[in-house]
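A.B. asks: Could you build the full structure based on these sequences and the hints that come with them?
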Amino acid sequence: MKFLRPATVRVILALLGAIFLGATGRAMVYRPEKGSMWDPSILWHDGLYYAFMMYDTEGDDAYCLLATSPDGVHWRTEGTIVNEHERTDGGSFFKCYVAKCGDKFVMDHGVGRCKDGRMVSQDEMRFFQSKDLRHWDYITSTHPDARWYKQDRWDHMYILPKEEGRPEAGYWGYVVAVPKEGADVPAMKQSVDGLTWEVLPPAKTEWGSIPPKNHFEYGGCERIGGKYYLIGGTFDYMGSKGYNVFTLVADGPRGPFRPDPEAFRLCGNTGKPLTWAAAWARGKDELLISNYTYRKHGTPAPWLLPLRKPVVDAAGHLRLGWWPGNEAMKGAELALGGKSAALDATGKTGGYDLHYLAPTFNLGQGIVLEGKIKARAAGAGRPVAGFLFEEKPGQAMAIQLGVGPAEGRETHIGRLTAGADGRMNFVSEDVTGKGHATVTGIDDGREHTFRLLCRREMFELYIDDLLVQTYVHDGGSGRVGLLAGRGAAAFTDLRAWAMSFPAPKPGEDDDPLKKPGA
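So in the numbering used here, spot 104 of the sequence shown is number 104, and the numbers just go up one at a time.
Hints in this document: simulated from the structure, not taken from any laboratory.
Among the hints, erroneous ones may be present.
[Claimed, not checked] Only pairs whose alpha carbons sit at most 25 Å apart, straight line, appear in this in silico SDA-like list of lysine to any residue:
id, residue 1, residue 2
1, K348, D236
2, K100, E168
3, K374, D444
4, K180, S141
5, K309, L494
6, K115, H143
7, K272, F216
8, K204, D152
9, K374, Y356
10, K227, F216
11, K104, K204
12, K330, K115
13, K227, G242
14, K434, E262
15, K104, D152
16, K330, D152
17, K204, D251
18, K272, D251
19, K213, R254
[To be verified] If you anchor each label on the Cβ, the simulated ranges turn out as follows:
id, residue 1, residue 2, range
20, W207, N83, 18 to 24 Å
21, G478, P211, 39 to 45 Å
22, A378, V312, 35 to 41 Å
23, Q395, L287, 49 to 55 Å
24, G331, T417, 31 to 37 Å
25, E163, G478, 34 to 40 Å
26, S121, K162, 55 to 61 Å
27, K339, T417, 55 to 61 Å
28, P201, R495, 49 to 55 Å
Ideal Cβ placement from N, Cα and C applies to all residues, glycine included.
C.D. replies: Okay, here's the thing in structure tokens:
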């Protein structure tokens, strides 16, 4: 969910048939060329991926925007398909979900209303239906059932078939709402046809040692291997200063849901609210997960991130993996100064050994860097190995993967600076460790594969095709480097590609909501 702002300016938007890929050079994989999107709901149908998004045009967030993609990587803006201003009771268009229900598609979305710059209500959900995902007919609006839910919120609902491939069995609905009592989550509905819904009491939740939370912004619930995986995001929870997404698991669709303590934080940031509401997405014969990020905390115009592959390990923990479809983002292969680099920080005054790759990269267009990494501990202290993005001489944003046994290992992201005496100072901003589904580091002496993506200020790292983190740096020279700290690291089989998006034009502004002269 984006920062809530009142709809203060009505803008009639005319999207003039964007050239395919025309403006995607500004973002990781997609952002509209005009205005700003939030909270994508994505599904595949008849040869295309469809993304439905909250849409803001200079303070006027009354719209649903549609974008399509043939491969889930390169997106084209189609235009607005729902406009809250067309209704006399209209407000802001909040997050939607779209699902196939029999021979039709059903959309539900939340409605927000503001007064004097403050959100005063978010307790209404609208329903639409469509045959082609482009033209939508209004069905009805609903409000919280006072028997079980407070009037605080009735925002959006993920729709799950009760039996896959049998629409006649009906549908479950997982609703963003607040229970009147306790912390059973989520709010629920059920339907025979996806159009008429019966409100149910909330699903039961057994919190165990995890602090209870009475609602999340749910990214939906899906079945994998006979289990039901509910994901939902929130601020300021479990010691996090940012926005994180968490996983609860159940044996049945109505619970009881239980937090997964070993992999509770599915994704997000512990330091800053950058990456937001992850959601289940139905791809072509596969489940996917989408989410998005801000270029910098507090700036408008989020980016759609690469789609992720959900991975459930042998112990039943849900993690985010590299989706093979993302190979489509690789463009021309780039020449590197070498295919390998050996680093050894043992005995170095600064405690680190750093190596910058050649050439300087065009991070405006974006790069994909792949290879293998093998690190070993040496000497005192906790060894680390990883990557850095130079922001200015003597200063870089660094990803420091912990090296050693998984128990107690952590990965930190933060700023690495060089002092006048040659010593290096690292200040952590983000940590991945115990209870996180994302990768906490690498094993001592074992070879791992890596994928590092970077575009503009945003980067994300995968180890052995599992997500470590998505984060941002402050921009800078375009130099990307490797590091070892309090140990040694060998990087081999290095390859790099330019991303297959147009490079930004000289002077192109990266903030489409920025007003002239601002």
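A.B. asks: For every hint, state whether the structure bears it out.
C.D. replies: Taking the hints in turn, this is what the structure says about them:
1. K348 / D236: This hinted pair is violated, its Cα atoms lying about 39 Å apart.
2. K100 / E168: With Cα atoms ~12 Å apart, K100 and E168 stay inside 25 Å; holds.
3. K374 / D444: The given pair, whose Cα atoms are some 8 Å apart, holds under the 25 Å limit.
4. K180 / S141: The hint holds at about 21 Å.
5. K309 / L494: holds, 24 Å
6. K115 / H143: holds, 20 Å
7. K272 / F216: Holds, because 18 Å separates the two Cα atoms, which is no more than 25 Å.
8. K204 / D152: It holds: about 20 Å lies between the C-alpha atoms, which stays within 25 Å.
9. K374 / Y356: Holds. K374 to Y356 sits at ~18 Å (cutoff 25 Å).
10. K227 / F216: Answer holds: K227 to F216 is near 20 Å, not above 25 Å.
11. K104 / K204: violated, 31 Å
12. K330 / K115: violated, 46 Å
13. K227 / G242: violated, 28 Å
14. K434 / E262: Given that 25 Å is the threshold and the Cα spacing comes to 7 Å, the pair holds.
15. K104 / D152: violated, 31 Å
16. K330 / D152: violated, 45 Å
17. K204 / D251: The hint holds at about 12 Å.
18. K272 / D251: violated, 33 Å
19. K213 / R254: Answer holds: K213 to R254 is near 17 Å, not above 25 Å.
20. W207 / N83: 18 to 24 Å: Taking Cβ atoms as reference, W207 and N83 lie about 41 Å apart, which means the hint is violated.
21. G478 / P211: 39 to 45 Å: Cβ of G478 to Cβ of P211: about 43 Å, so the range 39 to 45 Å holds.
22. A378 / V312: 35 to 41 Å: holds, 36 Å
23. Q395 / L287: 49 to 55 Å: The hint (49 to 55 Å, Cβ to Cβ) is violated, given that Q395 and L287 are roughly 41 Å apart.
24. G331 / T417: 31 to 37 Å: The hinted range 31 to 37 Å holds for G331 and T417, with Cβ atoms some 33 Å apart.
25. E163 / G478: 34 to 40 Å: violated, 52 Å
26. S121 / K162: 55 to 61 Å: violated, 31 Å
27. K339 / T417: 55 to 61 Å: violated, 30 Å
28. P201 / R495: 49 to 55 Å: Given a distance of about 54 Å, which is inside 49 to 55 Å, the answer is holds.
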